Every structure is written in C-alpha cells, then in structure tokens.
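Chain order of the listed sequences is A and B. Residue 11 in the numbering used here is what sits at position 11 of the first sequence, and the numbering runs on without skipping anything. Residue 19 in the numbering used here is what sits at position 19 of the second sequence, and the numbering runs on without skipping anything.
Quick caveat, the hints were computed from the structure, so don't treat them as lab data. Take the hints with a grain of salt, since some may be wrong.
As the list claims (entries may be wrong) - In silico lysine to aspartate or glutamate, DMTMM-like type, Cα no more than 25 Å apart, as pairs:
(1) A/Lys55 with A/Asp81
(2) A/Lys55 with B/Glu102
(3) A/Lys53 with A/Glu3
(4) A/Lys54 with B/Glu102
(5) A/Lys54 with A/Glu17
(6) A/Lys53 with A/Asp81
(7) A/Lys68 with B/Glu54
(8) A/Lys53 with B/Glu102
The model shown is predicted, which means the values in this text are computed figures rather than measured ones.
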Amino acid sequence: KNEVEQSPQNLTAQEGEFITINCSYSVGISALHWLQQHPGGGIVSLFMLSSGKKKHGRLIATINIQEKHSSLHITASHPRDSAVYICAGSNTGNQFYFGTGTSLTVIP
Amino acid sequence: ETGVTQSPTHLIKTRGQQVTLRCSSQSGHNTVSWYQQALGQGPQFIFQYYREEENGRGNFPPRFSGLQFPNYSSELNVNALELDDSALYLCASSFAGGSYNEQFFGPGTRLTVL
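Let the sequences and hints guide you as you build the complete structure.
The following block contains the structure:
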C-alpha cells in the first residue's frame, strides 16, 4: 500500500466546473504538498500545507491533520488546468512520498 | 536566480550499459533529491544528498549511486541498466536548515533502456 493515496486517478471536466482531488496519507509528515506536472515532465509546486487552508487564484488546498486527508479544489476550471496533479508528503528529513497523481483533462 | 537544471533531457541506452545524469541545484540550495518516475506513476524517492553526503535512500539497489559536489550540483549514476530503469528521472533541490521544506524540481531526464 502506498503511503500517499490519491483519488480519482483520472478526471475529465467541462470548462467552468468545480474540481476536487483528494489525498490521504498514512505516514507521519511535516508538510503536505500539491504539485502540478505538465506533459513535458516538469513539476511545479502549487501549495505546501501543514495545517488549515491556502488559496492561490482559482486553486484552494485544505488539510485535516487528524484525518490525514487533504483536498485540492479548482474553481471555474479552464483547459489550461489540464495536467497531472500530485499530492506528496514530506518528513522532517525533507524526503518526499508521492501519490500516483490525478490526470485532469478540462474540455472546452 | 537560476532554477534547477538537468542534463541531458533525453537519453537512450541499451541493457547492461551505465548512465550518468546531472543536476544543477537552484542557487543557495544545499540539498538534492533524486526521483524515478515510471510512466503513469508518481515519483519514487531514490536518495537525497546533503552537503556531499547521502542523507537518506529509498528502495533502490546499490547500482543506483550518486554524488554531490561542493557547488551542490549532483550526479545520479546507474550501472548495469535494466529495461525497467526506463523512466523520467527528476532531481529537486531545497535548502535544509530553514523552517520549511519546499523542493524545486528540474525538468527531468527521460531515460529509455532498449
């Protein structure tokens, strides 16, 4: 069993829809990260959370430490949001444990 | 400030050969981590280097080895390549010692083993 589990694995949405990607983790972590990976392979950090909620533009990330669960929300989705979204936990040694990713396709 | 760079971008090797992948850290970062990402999977932690010493290792065999240099750039070496080593290899740099642990990723090297 992977230390970090994401759902769904694949997601197709119409432009403008509200999107939620979920992440559960079973290891002790010091921070939870949401990352975006485009087809070329490069990974960009979207959020780093240790508690509560963060918002950046149309993206919102929340974490519930007690339940070991985090969600990434995208409001008013757009085709340029199409990418793989990866949840990862990091420990105090700065070692990362990645989920398998959620492949999002937003259709115009 | 330059970001994390990796070379080469693509590489094709045959089984049994050896390969060296390179990573230049973001300026000011002293820690480099290497990850293997198979197609359709999330990245898997290979190892991490901090101040030129290995500082943690994932579940990879000894034929995966690394180096970190005084300028904090890094190499990943893989000996006796196997078909399953075909993957995207990502490096990420960070600064250990601060109060947060954000990593900055390079664009990756795509290795194909035939």
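We went through each hint and held it up to the structure:
1. A/Lys55 with A/Asp81: holds (16 Å)
2. A/Lys55 with B/Glu102: holds (17 Å)
3. A/Lys53 with A/Glu3: holds (22 Å)
4. A/Lys54 with B/Glu102: Between A/Lys54 and B/Glu102 the Cα gap is close to 15 Å, so the pair holds against 25 Å.
5. A/Lys54 with A/Glu17: Holds: A/Lys54 and A/Glu17 sit about 20 Å apart, inside 25 Å.
6. A/Lys53 with A/Asp81: Holds. A/Lys53 to A/Asp81 sits at ~20 Å (cutoff 25 Å).
7. A/Lys68 with B/Glu54: violated (29 Å)
8. A/Lys53 with B/Glu102: holds (17 Å)
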